[in-house]
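Using the sequences and the hints, build the whole thing.
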Amino acid sequence: MAGDIGWLNALSPEAAEQELLACCASRQWAQKVAATRPYPDVDSVIAAAVTAVCELGWPEVEEALAAHPRIGDRAKAELSEREAAWSRGEQSGAATADLAVRRELAAGNQAYEDRFGHVFLIRATGRSAEEMLTELRKRLANSVLDERIKVQSELADITRLRVRKLLGER
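Under my numbering, the first residue of the sequence shown is numbered 176, with each subsequent residue one higher.
To be clear, the hints were calculated from the coordinates, so they are not data collected in a lab.
Be a bit skeptical, because a hint or two may be false.
[Stated by the list, open to error] Straight-line Cα separation of at most 20 Å, EDC-like style, residue types lysine to aspartate or glutamate; simulated pairs:
(1) 325 - 238
(2) 340 - 306
(3) 340 - 322
(4) 340 - 321
(5) 207 - 238
(6) 207 - 192
[Stated by the list, open to error] Just the calculated beta-carbon pair ranges, DEER-fashion:
(7) 321 - 282: 21 to 29 Å
(8) 215 - 312: 38 to 46 Å
(9) 274 - 219: 39 to 47 Å
(10) 315 - 182: 26 to 34 Å
None of the values given here were measured: they were computed from a predicted structure.
Every residue, glycine too, gets a C-beta built ideally from N, C-alpha and C.
Following this line, the structure appears as structure tokens:
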């Protein structure tokens, strides 16, 4: 049954962490969410997942960011097939953009990385390439602190969506 969490609750801590890493690549995050099992329902898992993202320190956020491809790029080779498929689906708006927009995204990604030292992270699901490009340009003006807060918020949104996907697979 979709949304059944009995399987997640029944896993060993290590196996649960491995499953959860597909949703957020911070080992500390996966350990925390796995350690607070059993969960009574899907909403409880999602609430714990989002809270755990919001409690991460910046080094753990950077660990999670390392698993995310640039907007418009292919998923990283080291990702699982499931993570790569999720990433392709999430970024479908960028994949179908015209060449000029894809080039602007590539240039914007580079400018962002030069400024902040990490990949531009945005919840791409449901957004067009043009919307993502507009947001990227806007966020280039953020302070480092404001951008870190925004990145953590986007990571929480992405994690929420991915936990739903993970739990909906079973």
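Of all the hints numbered above, which does this structure not satisfy? Sort the numbers upward. Violated hints (numbers, rising): 2, 3, 4 and 10; every other hint is consistent with the structure.
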